[in-house]
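Protein chains: 2
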Amino acid sequence: MSATSVKFQTRDSVEQVEEGNSLSPKFDDHGLITAVTTDANSGEVLMQGYMNKEALQLTISTGEAYYFSRSRQTLWHKGATSGLVQSVQELLIDDDQDCIWLRVNVAGGASCHVGYRSCFYRKVPIGNDFEMKQSDGHINLEWTESEKVFNPKDVYGDTPNPTIL
Amino acid sequence: MSATSVKFQTRDSVEQVEEGNSLSPKFDDHGLITAVTTDANSGEVLMQGYMNKEALQLTISTGEAYYFSRSRQTLWHKGATSGLVQSVQELLIDDDQDCIWLRVNVAGGASCHVGYRSCFYRKVPIGNDFEMKQSDGHINLEWTESEKVFNPKDVYGDTPNPTIL
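Heads up: the protein sequence lines correspond to chains A and B, in order.
The first sequence lines up with residues 1 to 165 when you count with the numbering used here.
The second sequence lines up with residues 1 to 165 when you count with the numbering used here.
Excised from the complex, chain A in its bound form (with noise of 0.2 Å):
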């Protein structure tokens, strides 16, 4: 069955669209839909990207995450280059669905471009612990991943990096 075999429906109420079980996706203006990918086992958040019709519908019928990329405007089929294909679990969508919600398992274990098995290997202090650790309001992130899966270079090697300053 090919992607553009899975029917989306229109948006006709919100009460359709909240209480309904009618799969009627709300892309941006650009096209798009956000999609928050967690670990289907640890339930760690694994990267937040964005999904066109095509990458959404691709994803719904073969069971494998496919993304827009921003940065290379291309579909994206995840792990075509590094070989970290995210195998999905389950695929949910929330209220107003402008929002999907992947939980995979990844081959490899690793789903950053950097080489961390989550894109979260960062946290930022907060509340008290901000208070505590800030010098005129500035912060140092902490690192919550102490090793990378993989080496970046060895995987994708001249290809330019995604990262838009």
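Just so you know, the hints here were simulated from the structure itself, not pulled from any lab data.
Errors might be hidden in some of the hints.
Sample of chain A residues with no beta-carbon within 12 Å of chain B, all distances over it, derived [unchecked claim]:
id	residue
1	52
2	108
3	109
The calculated lysine-lysine pairs, modelled on DSS-like cross-linking and capped at a C-alpha distance of 27 Å, are [unchecked claim]:
id	chain 1	residue 1	chain 2	residue 2
4	A	123	B	7
5	A	26	B	53
6	B	123	A	53
7	A	123	B	153
8	B	153	A	26
9	A	7	B	123
10	A	53	B	26
Note that the coordinates shown come from a computational prediction; the quantities given were computed from them, not determined experimentally.
Here a beta-carbon is modelled for each residue, glycine too, at the ideal position from N, C-alpha and C.
Given the structure of chain A, go ahead and fit chain B onto it with the hints provided.
The following block gives chain B in isolation, referenced to the frame of chain A:
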């Protein structure tokens, strides 16, 4: 300590943003950064929202979750109306610093304006499950939560529904 006392640093290089310990969040053209909120205990994704600069500063300084409401175009102290305040246990930022991950405890146990525990109370059948259940490419969403935690009418009264079609 007030919100304005939390200082962010400029984004000078990809290496600094990805591998450094400076907090240099990237706000988009609307002045917003994406925020993903999970239950600190269960790992469940509760909601996905946005923060402006002030919301992020207040979240860091107070340890309670603040967002920016796009539908109301205003700073939003989550739980101010419903009482369902989110106490942030951990705040993480991703590799390119354009997404925040909040691990929270929620007073009252619900995060969704529709009344459910999580905003993600419906799932989409995928892969083989999609193949089996689809009819001409159409599928029905399946409920993952059977009961609402609260009645939105009791909590929000006549406040306009934030869902935009």
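Now the hints, each set against the structure:
In this structure residue 52 of chain A is separated from chain B by more than 12 Å, as the shortest Cβ-Cβ distance comes to about 16 Å. With a minimum CB-CB distance of about 17 Å to chain B, residue 108 of chain A clears the 12 Å threshold, and the non-interface call stands. In this structure residue 109 of chain A is separated from chain B by more than 12 Å, as the shortest Cβ-Cβ distance comes to about 16 Å. Of the supplied pair hints, the one linking residue 123 of chain A and residue 7 of chain B holds, its CA atoms being roughly 15 Å apart against a limit of 27 Å.
Only pairs whose Cα atoms come within 27 Å are accepted, and residue 26 of chain A paired with residue 53 of chain B is accepted, the gap being roughly 25 Å. Restraint check for residue 123 of chain B and residue 53 of chain A: satisfied, since their Cα atoms lie roughly 17 Å apart, inside the 27 Å limit. Only pairs whose Cα atoms come within 27 Å are accepted, and residue 123 of chain A paired with residue 153 of chain B is rejected, the gap being roughly 37 Å. With a CA separation close to 25 Å, the supplied pair residue 153 of chain B and residue 26 of chain A stays within the 27 Å bound.
Between residue 7 of chain A and residue 123 of chain B the alpha-carbon distance is near 15 Å, which keeps this suggested pair within the 27 Å criterion. Of the pairs offered as hints, the one joining residue 53 of chain A and residue 26 of chain B holds, with about 25 Å between alpha carbons and a cut-off of 27 Å not exceeded.
Hint 7 from the earlier list is the only one contradicted by this structure; the remaining hints agree with it.
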